[in-house]
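**Q** Take a look at the letters that make up each chain.
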Amino acid sequence: MAVIEAIATTYLEADAASVTFSSIPATYEHLQLRVNARSDRVNYVDTIELNLNGDTGTNYSIHFMGGYNTSTTAFGGTGYTYMQIVHCVTTLGAPASEYGGLIIDILDYANTNKNTTVMDTAWASGLNVSASLRPLVTFTSNLWADTAAVNSIVLAPNVASNFTRGSEFTLYGLNSA
Amino acid sequence: MPAFTVIDHTELAGAPASSWNVTSIPSSYDHLLIKGSVRSDYPAAYYDALGVRFNADSGSNYSTTFLYAGSSTPASSRGSGDSNGGPVYCVPAASSTADTFGSFTMWIPHYANAANFKQALIYGADEGATSTDWEWLMGMNAILWGSTSAIDEVTLACQRGAWQDADFVQYSTFTLYGVTGA
Numbered sequence: 001m002a003v004i005e006a007i008a009t010t011y012l013e014a015d016a017a018s019v020t021f022s023s024i025p026a027t028y029e030h031l032q033l034r035v036n037a038r039s040d041r042v043n044y045v046d047t048i049e050l051n052l053n054g055d056t057g058t059n060y061s062i063h064f065m066g067g068y069n070t071s072t073t074a075f076g077g078t079g080y081t082y083m084q085i086v087h088c089v090t091t092l093g094a095p096a097s098e099y100g101g102l103i104i105d106i107l108d109y110a111n112t113n114k115n116t117t118v119m120d121t122a123w124a125s126g127l128n129v130s131a132s133l134r135p136l137v138t139f140t141s142n143l144w145a146d147t148a149a150v151n152s153i154v155l156a157p158n159v160a161s162n163f164t165r166g167s168e169f170t171l172y173g174l175n176s177a
Numbered sequence: 001m002p003a004f005t006v007i008d009h010t011e012l013a014g015a016p017a018s019s020w021n022v023t024s025i026p027s028s029y030d031h032l033l034i035k036g037s038v039r040s041d042y043p044a045a046y047y048d049a050l051g052v053r054f055n056a057d058s059g060s061n062y063s064t065t066f067l068y069a070g071s072s073t074p075a076s077s078r079g080s081g082d083s084n085g086g087p088v089y090c091v092p093a094a095s096s097t098a099d100t101f102g103s104f105t106m107w108i109p110h111y112a113n114a115a116n117f118k119q120a121l122i123y124g125a126d127e128g129a130t131s132t133d134w135e136w137l138m139g140m141n142a143i144l145w146g147s148t149s150a151i152d153e154v155t156l157a158c159q160r161g162a163w164q165d166a167d168f169v170q171y172s173t174f175t176l177y178g179v180t181g182a
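Just so you know, the protein sequences line up as chains U and G, in that order. First residue of the first sequence: 1, per our numbering; consecutive thereafter. First residue of the second sequence: 1, per our numbering; consecutive thereafter.
Do not take every clue at face value.
Distance ranges between label pairs, derived from CB positions [stated by the list, open to error]:
#1 G:L121 with U:N69: 21 to 29 Å
#2 U:V159 with G:S72: 45 to 53 Å
#3 G:N55 with U:V137: 28 to 36 Å
#4 G:A114 with U:V137: 29 to 37 Å
#5 G:S83 with U:R165: 51 to 59 Å
#6 U:D15 with G:S72: 29 to 37 Å
#7 U:A8 with G:W107: 44 to 52 Å
Far from chain G by the CB rule (all over 10 Å, computed), these chain U residues [unchecked claim]:
#8 V42
#9 E49
#10 G57
#11 D105
#12 G166
Hints were generated in silico from the structure; no laboratory data involved. Beta carbons: idealized from backbone N, C-alpha and C, even for Gly.
Make a model of the complete structure from these sequences and hints.
**A** Below you can see the structure in the form of structure tokens.
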């Protein structure tokens, strides 16, 4: 048995409002999502909203720090209806071939003794970085105040209507034996 | 040979533990990777911190540079001549939201190279259902161990103030992977 197994990959052949991974088996120790994404927001960068097990209640908290242009920033908030993977999605304002990236760890996602935490590093930069595109590199942690095993993940752009064609999402399972 | 191999996986099943320790790590991999989900019983506090020692070395041989945030203003700091690497702010403590554990990832590249001092990168977050400053905390740490010895032992402990000043609680987990190159 391989330690890291690809559970599913979604490559968008056309724009899509969201991407869903469902029926995630509880047999792994950890999950990891690797994403390159771009949205149809007109300018700046976009954020990914993430919901677990279809829960849209006010059960999510977010904490992040990042670098924005030449400045740093950080934020903590709670009572949200979705997790936020902050400013990791390039938009129509960037050259067509530029997609933001992120790597998300969901540790002990099936351990029903724990609320689920989601930790990620994310970035949206570009060859011709300018302040108008608001390039960021961020480190984010989100909490889902629920001990249920995670069996589905939905990702959607925060501001835009769609992820654009060419965005790619891969979910991996990490074994512990 | 697979790229990733599980060397150790530990979940604290019953009693708390003052540390997680793996010995006799073979030198046959290229890199080590540790992923953990942890919480401590440090009393009357929202955060604890993680410390690391290699090969049970408690001498003044560790330096740490770290970027962290627990409010709207990120900051950086450093220490040297320390008896362990850290602090890594990824450990919720007794006052944190119930059933909530912090996450961390630690890379130790070329851990068995006997010519160079060892470098480790750890990033993690102390989570909680809160927007209050310093009730959440996160950071990235670069740790130097001033030794050319191959690493064959890793110890992680709580160290908000002093090494092993609290215990990891039940359900804390640690997974150590060996990562192989071509």
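**Q** CB of G:N55 to CB of U:V137, is that within 28 to 36 Å?
**A** At roughly 34 Å between Cβ atoms, U:V137 and G:N55 fall inside 28 to 36 Å, so the hint holds.
**Q** Do the beta carbons of U:V159 and G:S72 sit within 45 to 53 Å of each other?
**A** Once the Cβ atoms are compared, 22 Å apart, the range 45 to 53 Å for G:S72 and U:V159 is violated.
**Q** Given the range 29 to 37 Å, decide if the beta-carbon distance of U:D15 to G:S72 lies inside it.
**A** The hinted range 29 to 37 Å holds for U:D15 and G:S72, with Cβ atoms some 35 Å apart.
**Q** Determine whether the non-interface label on U:V42 survives the test: each CB of chain G must be over 10 Å from its CB.
**A** holds, 28 Å
**Q** For G:L121 and U:N69, compare the CB-CB distance with the range 21 to 29 Å and indicate the outcome.
**A** holds, 24 Å
**Q** The output says U:E49 does not contact chain G. Does that hold with a beta carbon cutoff of 10 Å?
**A** Given a closest Cβ separation of 18 Å, the condition holds.
**Q** Return holds or violated for the Cβ distance of G:S83 and U:R165 against the range 51 to 59 Å.
**A** About 54 Å separates the Cβ atoms of G:S83 and U:R165, which means 51 to 59 Å holds.
**Q** Confirm or reject the claim that G:A114 and U:V137 have a C-beta distance inside 29 to 37 Å.
**A** The hinted range 29 to 37 Å holds for G:A114 and U:V137, with Cβ atoms some 34 Å apart.
**Q** Verify this label for me: U:D105 is non-interface relative to chain G, using a Cβ-Cβ cutoff of 10 Å.
**A** violated, 6 Å
**Q** Examine each Cβ of chain G, and state whether all of them lie more than 10 Å from the Cβ of U:G57.
**A** Since the minimum Cβ distance to chain G is about 12 Å, U:G57 lies beyond 10 Å and the statement holds.
**Q** Non-interface claim for U:G166: all C-beta distances to chain G beyond 10 Å?
**A** Check passes; 27 Å lies beyond 10 Å.
**Q** Check the following: the C-beta atoms of U:A8 and G:W107 are separated by a distance inside 44 to 52 Å.
**A** violated, 26 Å
Hint violations for this structure: numbers 2, 7 and 11, all remaining hints satisfied.
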